[in-house]
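Chains as they are written, first to last, in numbering that gives the first Met the number 0: chain A, 0 to 501; chain B, 0 to 603; chain C, 0 to 111.
FYI, nobody ran anything at the bench for these hints, they're computed from the structure. Note that the Cβ used here is the ideal one computed from N, Cα and C, for glycine as well. Please note that the accuracy of each hint is not assured.
To be verified - Label-pair ranges, simulated between beta-carbon atoms:
id, chain 1, residue 1, chain 2, residue 2, range
1, A, Leu468, C, Val88, 25 to 35 Å
2, A, Val63, B, Leu8, 50 to 60 Å
3, B, Ala12, A, Val484, 27 to 37 Å
4, A, Asp357, B, Lys564, 20 to 30 Å
5, A, Tyr56, B, Asn256, 51 to 61 Å
6, B, Phe596, A, Val63, 28 to 38 Å
7, C, Gln70, A, Leu497, 46 to 56 Å
8, C, Ile4, B, Ile601, 22 to 32 Å
9, A, Leu470, B, Leu31, 29 to 39 Å
10, C, Arg19, B, Thr178, 58 to 68 Å
Here's the letter readout for the chains.
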Amino acid sequence: MSPNLMIPYLVIVPLAAAFLIIIFGKMTRPAGAIIASIASALSFTVSLMLSFSIVKYGVLIYKVGGWMPPAGIPMIVDSYSALILLIANFIAALVTLYSVNYVKIYTDTWKYFSLLMLMMAGVNGVAVSGDIFNMFVYLEIASLATYALVAFGNEAEALEASFKYAVMSSVASTFMLIGIAFLYNYTSTLNMAYIGKFIEGNRTAKIMSFVSVLFLAGFGLKAALAPFHAWLPDAYTKSPAPIPAISSGVLIKVLGVYALTRLFFNVFGMTKPVSYILIFFAVVSMLGGGILAFGQSNIRRLLGYSSVSQIGYIILGFAIGTPLAVMGSLFHIFNHSVAKSLLFMGAGSIEKTMRTQDIKKISGVISKMPVTGYTSLIGALSICGIPPFGGFWSKLIIIFACIQAGYFGLAFIAAFVSILTLAYYFKAYAPMLFGAKESLSGALKNNRRQFLTDMPMIILAVVSAGSMLFLAPGIMNILMRLATVVIVNGTAYVSVILGSLK
Amino acid sequence: MNIAVDFLLYAVAVPIVAGIVCLIMPEKLKILTKFLALLVTLASLAASVRMLLLKPLYWPPVPVPALIVDNLSALAGLGISFFALIVTVYSFGYIEKNNGRYFGYLLMTLGSALGAVLANNLILLVAFWGFLAVLLYLLVTIRPTAQASASAKKALIIVGGTDALMIFGIGLLWKISGTFAMEGTRVPLNGVLPYAAFLCVLIASFAKAGAVPFHSWLPDVAQDGPASVTAYLPASLDKLLGIYLLARISLNLFIMNGISNSILLIVGAFTIVFAVAIALVQHDFKRLLGYHAVSQVGYMILGIGTANPIGIAGGLFHMLNNALYKSCLFLGAGAVEKTIGTSDLSDLGGLSKYMPITFISFLVASLAISGIPPLNGFFSKWMIYQGIIESGSGKNPFWIVWLIAAMFGSALTIASFIKLLHAVFLGRASERASRAEEAGVSMTLPMVILAATCILFGIFAFSVPVSLLIAPVIGKSISYIGTWSPDMATALIAAAVLLGILVYLLVAPRKARVVSSFVGGENPERFDRVAGTEFYNTIREVKAMGSLYSKEESRSFDIYDLSGKITALFTRYLQKLTNGVLPTYIVWGLIGMVVMFIVFFIRG
Amino acid sequence: MSIYILCLILFSVGLYCVLRKRNLIKIIIGIGIMEYAANLFFILIGYRQEGRAPIYAHDQVINNMVDPLPQAVVLTSIVLGLALMLLLVAISIRIYEKYRTFDITKINRLKG
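Between the sequences and the hints, there should be enough to build the whole structure, so can you do that?
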């Protein structure tokens, strides 16, 4: 079958799984977990196959219903989308497997899996969408599923966090909707390639600045870029443990960073003011996230602020815009997703055994729960930028790219934030992992080792440790190079798509 | 000219792989890890000697190779493998549990350190450097106590943090010189950018070696970590690596000028005096040794800062010597601590009776560190003094200050070690100390070897170490001021010692009656014993020194604590802003949008 | 032109409501107003002069239609807004059960 027929399955499979889980979940207990695992594994396979096809074909387009754009809605996969899809589905599959054991503490687990599948449908949809309003709809689907998932445990703080997240996020979405309205008024089309073609002549029109602000605010909030980050630490505190893992690893990257860069590089064209704004907010995120993480005593909040800080790194790379910087950002997206999901999964296991989220009360994780302890150590080392783990290489590339572009101050700030990251991670994790093995009154005496909980963490730890191999020639390297080319070439995307559409 | 040999790659890779094997070795086969470690370190030593003999070498055989052996690398590499072997043998007796992890980390450290000194590519250097930082952490926390964890964390943050600075510096270097290869890159220090790059990499080397103000991790790690780890890493390997980097910067990568040399001279002199002063009043055996390690680094930096051949040679030779006697001292401290169970000086004393071999090697090492002829410490310090005089005669008027600082430091070192020797080995034994026994062969053998090497390097200084190892690094010939002939001096000193013993035996009274003191039935130990540390209490009473000591104890000089406090200030402010009320958060977002509008308005 | 300004004023009213009102329910209503304003804006953009409803009929002569695309878009958007409202109201009911208050300034256990 021709490869572009695979594209809609990325959305169909999770969506179908969501509804099937609703039907069968009420009948048999394990139905939700089984269907969800199969569906996520399937979508990962599809994204993997798509990556191989992209290397051969370049761009794959699927016209939904056979309608020709701009009247119809196309699903477009180019190398950037393929890369993001690969990372997102990989993490999602592992998190789903991890959730199977975790959600046994809740009743009605089928609801959880159904919502998770809806979220994945939305995420995949954003990544493949070629139409701006279609992207918005999938974005909303994923966000709505997330609001419900954050509140899933029905704890007071989870509900409060979910409410705040929902309100802030819907304000942002409404801004985006108005932005889309203005854009439609200006260009009379919703198809991203045609929009790009239309504004080619007049990129710096006043209306484009206005629309850019709206979109930056909207997608900035989804990406947890400061000052729009405030929902993130709250939402991660009391939600079920796999949720921060998938949110931090997948959602903020795809819904936020991918959508932002897709629009601003390929459709609108990266102009100087946008670049400066993004650099400014990236620096605020890096510093603010790092400084706030310093004083946290709740492990999940600390990891949340760390995510804010790392998103700053990623956006910094994109904002600078040179090929090396973009490559560094893409690689950092990969490293951070892997390591952060690993850390959140580890935090979830620690929480379950130690019955607390307070850093000061936890100690001796490595001796009590060796798998969790060592994998969390690897994840923390990776994000801190310690060789030979992945985070070191991506931060290295970003710092070098800043210097190469002449932004010495930014490079210094990036190096400084790296020191800060090392400080707060080890301030929190060292006593937790290495402290003496005390017996907490509430802690479980025997830690039951469960395969489905351990295996995703081990896989992620191995990937994180070996991720420098992805820089070596191989499928990932090729994919990343192609993605970099797509982004750096900016509005050449338009002509590529229009050419393929004919 | 150059021979490409694969064994370079093996020298780096095999220890790392062996280390990983040790880590995952199953429980029952733990005994194998000891043998594996011994085998690998022996092989590594052999490889280093071969490198020394066959240099220069490079691998792989491409125009810009990844690993290069030149004179400096060979010197450092030899030191690294030698000390790895010594510590491995020592650890057989010292470390009982956690064998797999301990030897695994030890081997990986060996591999990474070799990789770092052999690296020709700056990125490779940084990668190994950072990996070493985390290995240090893991090694110190082999014994999971709370203080070990805290000191290890401090070490990791200081060393790992400066690693990030080094990345920044290397990036700048790349921008200036356009390449990552180290061989053949010479950057003149003219302008802000080269100075910034120089400073960043310099700070990284200072933190690793332990110079002020980045030294604060060293005494803590010395106190809380296992003694074999302290002998391995902070005492020898870190100095070797730190000064190796410093030598690379000053000799190869940058073209030094007056300002950069002055920085080295100032930091070196300050380190010597500051650290030795603090060391005088320490109560803990290992912590005291740690501060001395910091002080000795000052000599090395001072030597390299003099920028003339004999001074630099002296600095490098001191690096080697310091590693020798410092590890001997730490190994001795470890032996004492293992059999008695404490390292608090007030509890020790009179151990020379019970642990004679330890005492003798410790004595030799103390004499060496104090710079007593004819041992090796004297020789390298003497070369450094000559270097200062050389560099000063003519241009730099400050050379008197450096010379005085160095000599003053030396004097205080002697004072400190006399106190140490008295407190630990001489004097009357305390209750606990009388239960001591001599350490096993695996622990005494390394100490004896090290002490013997100190003596050998001192007596045969001209012929063996300097000409073979150090002089090739400098390239130019070293001319000595004044005359010093080690053979003559040794003969004279030996004759003098013999004469002294003869006089003592002849003249000293033979008959003396030893009675115990009358204390009215009380516990005699309370009155009889004066712990060695109490002799130095008078120093505290000098106003200036007293305030210095109280400040050091309250950690106001500790750069780590200071930065922690400053960051906490910012954190508190930002946390107050995050008050948990929803409209606040939305307002932030709106402010962000307003900022964006302004930017577009101005620049759009 | 003035009609668009009025629509955006409606949007600001909604935004003001979300920012300044303390009651959870009022905030939800504010979000509703904002969404309404956004949808309205989209429809207004689609207006063409002398246009009639965009329904294709065989037997009539059609001169001018209003733009049908915004109408499709708004339909989708209204449904999304509906789902959001449902979720928000459900969450606020549960919040009331846990916190015993609807005041947003009192619901701030997560801070710092």
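A quick look at each hint next to the structure:
1. At about 50 Å, the beta-carbon gap between Leu468/A and Val88/C misses the expected band of 25 to 35 Å.
2. Separation of Val63/A from Leu8/B is about 54 Å and conforms to the stated range, judged on CB atoms against 50 to 60 Å.
3. Between Ala12/B and Val484/A the CB atoms are about 34 Å apart, so this pair conforms to the stated range of 27 to 37 Å.
4. A C-beta distance of roughly 23 Å is found between Asp357/A and Lys564/B, which places it inside the suggested range of 20 to 30 Å.
5. Between Tyr56/A and Asn256/B the beta carbons are some 58 Å apart, a value that agrees with the proposed interval 51 to 61 Å.
6. With their beta carbons about 37 Å apart, Phe596/B and Val63/A fall inside the hinted range of 28 to 38 Å.
7. Range check, Gln70/C to Leu497/A: Cβ separation about 27 Å, and the 46 to 56 Å hint is violated.
8. The given range of 22 to 32 Å is respected by Ile4/C and Ile601/B, whose C-beta atoms sit roughly 25 Å from each other.
9. Between Leu470/A and Leu31/B the beta carbons are some 35 Å apart, a value that agrees with the proposed interval 29 to 39 Å.
10. A hinted range of 58 to 68 Å for the beta carbons of Arg19/C and Thr178/B is consistent with their spacing of about 60 Å.
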